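K.L.:
Here the protein sequences come in this chain order: A and B.
Position one of the first sequence corresponds to residue 1 (full-length UniProt numbering), numbered consecutively onward.
Position one of the second sequence corresponds to residue 1 (full-length UniProt numbering), numbered consecutively onward.
Simulated from the structure, these hints should not be mistaken for lab results.
Hints may contain errors.
[Stated by the list, open to error] Coverage of chain B stretches by chain A, computed from C-beta distances (three or more under 8 Å per stretch; other residues unrestricted):
1) 79 to 89
2) 93 to 105
3) 109 to 123
4) 229 to 242
5) 264 to 272
6) 275 to 282
[Unchecked claim] Sample of chain A residues lacking proximity to chain B, with all beta carbon distances greater than 12 Å (derived):
7) F27
8) F49
9) I289
10) E312
From a predicted model like this one, the values you see are computed outputs, not experimental measurements.
The C-beta atom is built at its ideal place from N, Cα and C for all residues, glycine as well.
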Amino acid sequence: MKNKVLMAILAVVIAGLIAVPWIASYFYVFIFTEILVLGLFAASFNLIFGYTGMLSFGHAAFFGIGSYATALVLIHLQWSFLACLLVSMGASALLALVIGFLSVRLNEVYFAMLTLAFGMMVFAIAYQWRSLTNGSDGLAGFTLGSFGLGLDLTLGNPLVYYHVVLGIVVIASIVLYLICRSSFGMILKAIRQNPERVSFAGLNVRTYRLVAFIIAGTFAGLAGGLMAPFLRVASPELLHWSMSAEPILMAILGGTGYFLGPFIGSAAFVLLETWITTYTESWMLVLGIILAMMVIFFRKGLLGTAIDWWMEVKK
Amino acid sequence: MSGIGAALLNSLDIGLLLFIIAVGLNIVFGVLNIINFAHGALYMLGAYLAFTLINIAGMPFWAALLLAPIGVAILAVIIDRVLLRFIYSRDVADSLLLTFAILLIINESVRMIWGSGIHVVQPPDLLSGSVRLLGSSVATYSLFVIAIGLLLLAGLWYLFNRTRIGRIMRAAALDRDMAEALCINTRLVVTGVFAFGAWLAAVGGVMAAPMRALDPGMGDKIIIESFIVVVIGGLGSFPGALLGAIILGLIHGFGGRYLPEVNLLLPFVGMALVLLFKPHGIMGKGATA
Chain A
1 MKNKVLMAIL AVVIAGLIAV PWIASYFYVF IFTEILVLGL FAASFNLIFG YTGMLSFGHA
61 AFFGIGSYAT ALVLIHLQWS FLACLLVSMG ASALLALVIG FLSVRLNEVY FAMLTLAFGM
121 MVFAIAYQWR SLTNGSDGLA GFTLGSFGLG LDLTLGNPLV YYHVVLGIVV IASIVLYLIC
181 RSSFGMILKA IRQNPERVSF AGLNVRTYRL VAFIIAGTFA GLAGGLMAPF LRVASPELLH
241 WSMSAEPILM AILGGTGYFL GPFIGSAAFV LLETWITTYT ESWMLVLGII LAMMVIFFRK
301 GLLGTAIDWW MEVKK
Chain B
1 MSGIGAALLN SLDIGLLLFI IAVGLNIVFG VLNIINFAHG ALYMLGAYLA FTLINIAGMP
61 FWAALLLAPI GVAILAVIID RVLLRFIYSR DVADSLLLTF AILLIINESV RMIWGSGIHV
121 VQPPDLLSGS VRLLGSSVAT YSLFVIAIGL LLLAGLWYLF NRTRIGRIMR AAALDRDMAE
181 ALCINTRLVV TGVFAFGAWL AAVGGVMAAP MRALDPGMGD KIIIESFIVV VIGGLGSFPG
241 ALLGAIILGL IHGFGGRYLP EVNLLLPFVG MALVLLFKPH GIMGKGATA
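Assemble the whole structure, with the sequences as input and the hints as a guide.
P.N.:
Quick look at the structure:
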């Protein structure tokens, strides 16, 4: 019964998302594209944070590498969009393997410091390697060609691009959800709750943490690959730690204990940002205050708090 | 030869400055068991307060060196009592998240109050010249930073090993419940240690102000450097912080001179190398997940 209600709500939401270009203004098509891409980014982050209990402050490294990979492939090779996304995922997976190998074997405090430091290392490389990355200006002036699979889509049209993003994000989310629901996902949850016990049960905690880190990095890379053609630029800001703060805040805002939490967080975050930046330039200040309040008072996030409240009402 | 001498002195002043800042991070971690992500922001606040005291209020450098860190320490007491007290009993992730939120708030506040542009603080007249040493000319201010760094190093060593306050801090770091049972007011210790860590960060900030241009990104740079120092040296280790800071100082001092194309990258390479062979840092004890 509960599942049926949930499925019905999801179906309505997805139908609503498909209909956005016809019912909302051009402006909101852009807003919703951003919500979807950042939602996937935040959901990938929540695989390691909410599920496995590893708080990474460098998740933007994978998002940014994904953006740069797509931009570079479009500029130099002009492959189809799907091929670009595959390259993005591969590049972030490789980077996640290297950073993860050095970081996941240490405890939470070290892990937080290391992911931040390595994230900023990638930022420093993108900033300094001018010949490849064009330094602080970033890579721009690339255009999307074909989609791939023989489909004829005009990706340059923001309305078409929105539907492409929606399709890819939904498929990626289903894959991510299946990973979370699998026995592998259960082990990740167990690692968050009690790593010693998992290790006594004969499982190699470090390997599981590393694999989770790589999967999260790969999906962040996919989100980054979707972001570059949307922004029409891949710049170092996408790698900066303030970008790493975004999925953290989205996951906390929506609720880290639920698969859909980060998506709700992403919607709340982007809408709040749009609304607040019309009044003040100090968006990061507001962000900091919201994060502090959520951590102190609403640790379960919007979704968790709403579900608790609903349960209370039903009693 | 003179090039190497100058690089060595340069490494030493960068290293000792980093030590002052990283040891504050380490002390807070040792007693409170939290990593203060806002440590670099507090360092930046020290530098900007010094700028205001010197360039706007017209105070001498020495007064700023005394007053700015006290101001930052008072702010730290407020942060501790208003925000951090909620999360001391919670999971470590919450303290990381909350100090990260504080970092965002301080960074943006600095941008709002002082603007995004660059500010410059002049060193005091007494220290603005240069002297000849080891066959090359060295800024007097560099020697002053080295002297203050050594003075603080000796002072901290004395504090921790020879005084009652130091013993209480070490007791609280080892076992807070036991310390409480022995009639130590651990809440006071926690607040005091957090303020002391902030004071050290701000002293570093004031010292750094005449050496580096002030911009709202300076805190971000220094927190990454401090993390590298404690990862190389070993989290929570006093000699580790010194060793890590000197190593990073040498990387900067020589890397900037001989390998300028990749100097931004070298600290990370150093950190990755240490991690490969000594995952808990050179002086660190076990902390495997």
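K.L.:
Evaluate each hint against the coordinates.
P.N.:
Hints, one by one, checked against the model:
1. 79 to 89: Contact hint for the segment 79 to 89 of chain B vs chain A: holds, 3 residues under 8 Å.
2. 93 to 105: Holds: 11 residues of the segment 93 to 105 of chain B have a Cβ under 8 Å from chain A.
3. 109 to 123: holds (count 3)
4. 229 to 242: Since three or more residues must qualify, the claim that chain A covers the segment 229 to 242 of chain B holds, with 3 doing so at under 8 Å.
5. 264 to 272: With 5 residues close enough to chain A, the hint holds.
6. 275 to 282: Since three or more residues must qualify, the claim that chain A covers the segment 275 to 282 of chain B holds, with 4 doing so at under 8 Å.
7. F27: At about 26 Å from chain B, A:F27 clears the 12 Å cut-off, so the statement holds.
8. F49: The claim is violated: A:F49 sits with its nearest Cβ about 8 Å from chain B, within 12 Å.
9. I289: 6 Å, violated
10. E312: 23 Å, holds
Going down the numbered hints, you'll see the structure goes against 8, 9, while the others check out.
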